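Residue numbers (the UniProt record's numbering), protein chains in the order written: chain A, 1 to 135; chain B, 1 to 135; chain C, 1 to 135.
Derived by calculation from the structure, the hints in this document are not laboratory data. Where hints are given, some of them may not hold.
Identical copies carry no separate label here, and so any pair may be met within one copy or between two of them.
Cut-off 30 Å, straight-line C-alpha distance, at most; resulting in silico cross-link-like pairs (DSS-like, lysine-lysine) [claimed, not checked]:
| id | residue 1 | residue 2 |
| --- | --- | --- |
| 1 | K55 | K129 |
| 2 | K78 | K125 |
| 3 | K118 | K129 |
Every value quoted in this text rests on a predicted model; they were computed, and no experiment measured them.
For reference, the chains in residue letters:
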Amino acid sequence: MFSGGRMYLFRIPEGEEFMSYMHEFLEKEGVETGIVNAIGTLRDPKVGYFLEGEKRYKVIELRGTYEIASLIGNISLKDGRPFLHAHVVLGDSEGRAFGGHLIEGRVLVAEVFVLELKGKRLERKMTEKGLALWP
Amino acid sequence: MFSGGRMYLFRIPEGEEFMSYMHEFLEKEGVETGIVNAIGTLRDPKVGYFLEGEKRYKVIELRGTYEIASLIGNISLKDGRPFLHAHVVLGDSEGRAFGGHLIEGRVLVAEVFVLELKGKRLERKMTEKGLALWP
Amino acid sequence: MFSGGRMYLFRIPEGEEFMSYMHEFLEKEGVETGIVNAIGTLRDPKVGYFLEGEKRYKVIELRGTYEIASLIGNISLKDGRPFLHAHVVLGDSEGRAFGGHLIEGRVLVAEVFVLELKGKRLERKMTEKGLALWP
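Chain A on its own, in the form it takes in the complex (with noise of 0.2 Å):
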């Protein structure tokens, strides 16, 4: 179980890719444990499709300016180090959506929110699927 710790609502600069940002956010600020939402407008995002057999994620490439229909995430420890898990609905100029683990994306937009969690340590350990999970 775990209680609720520091809260941020913020927007990303522009040009930014999203997923290094908020490891150096999540770095600077000590944030460990948590969880994340986000709306905006992604360039060029790659999002991911986790082959079971392969034990590893497809990358599926996406040209061009997505919007974030929604972004959902969690924060925990991977290496001693916060580690950002990060799924998104992404939306194109039809209005068409496409969804997968968010692996990186350019930011024109990115409006952010971060739960921390205060409660006992969570990390995620490579697993023999090829996935770092927690316990």
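Fit chains B and C to the known structure of chain A by using the hints.
Using the frame of chain A, we list chains B and C on its own:
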């Protein structure tokens, strides 16, 4: 109005059925009101689309493994027990997204956040529309 | 940084327009900063896709009834009043998903969670890009 209660961030073990596992969890913990979000991967998920004229959900059966690109839900009482109402967006191996009311899905990975809400009793009652709704 | 304020979990009555109802609710309650998520069903929703070159949203009009597979939003001030910025993923009768910036939609069912954030004043200002953004 509500105030924040207990918070949970955990993984559902592989092989469990998502909705059944969550209902057992909520009942065991005594979480009667709250919100949920989750990401992960589901096998053979079924989603519902409400047919207003027929007062029932059409069941859309998806075959195979899908990323949970988004899962948002709320917890309240139905027939005196904790009830999770969850909607989901699922991504296939090409990144295409599907969405609706989550009926069931077997877990490959599910990372779940639960925030308990404390306050008045929030209870679903069956309505003439064929939906169990809050007052 | 913010701290948690009031929390709400409620249903918007059938027939209301989602965005108008939410803005009236936020103004009446005096919620100036916060986050929102929702699930439910909307009729004839309109979603926007931002056309960067034209500095405006393209409006995508969807006809009929769609599940709100996901709705994530944030609340801040615009022109001195509470303003909800919400993005949505919608599922049709075949489970296909559509997504973007929520412009409007008539409610069949909408179950909404609001978390107020207390702290500094967060205000949108029109930018050269044609978007009202936080500093």
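So, going through the hints one by one against the coordinates:
1. K55 to K129: Within. Shortest intra-copy distance 6 Å satisfies the 30 Å Cα cut-off; inter-copy 42 Å does not.
2. K78 to K125: within (7 Å within a copy, 38 Å between copies)
3. K118 to K129: Intra 29 Å, inter 38 Å, cutoff 30 Å: intra-copy only.
Comparing the model with each numbered hint stated earlier shows that all of them hold.
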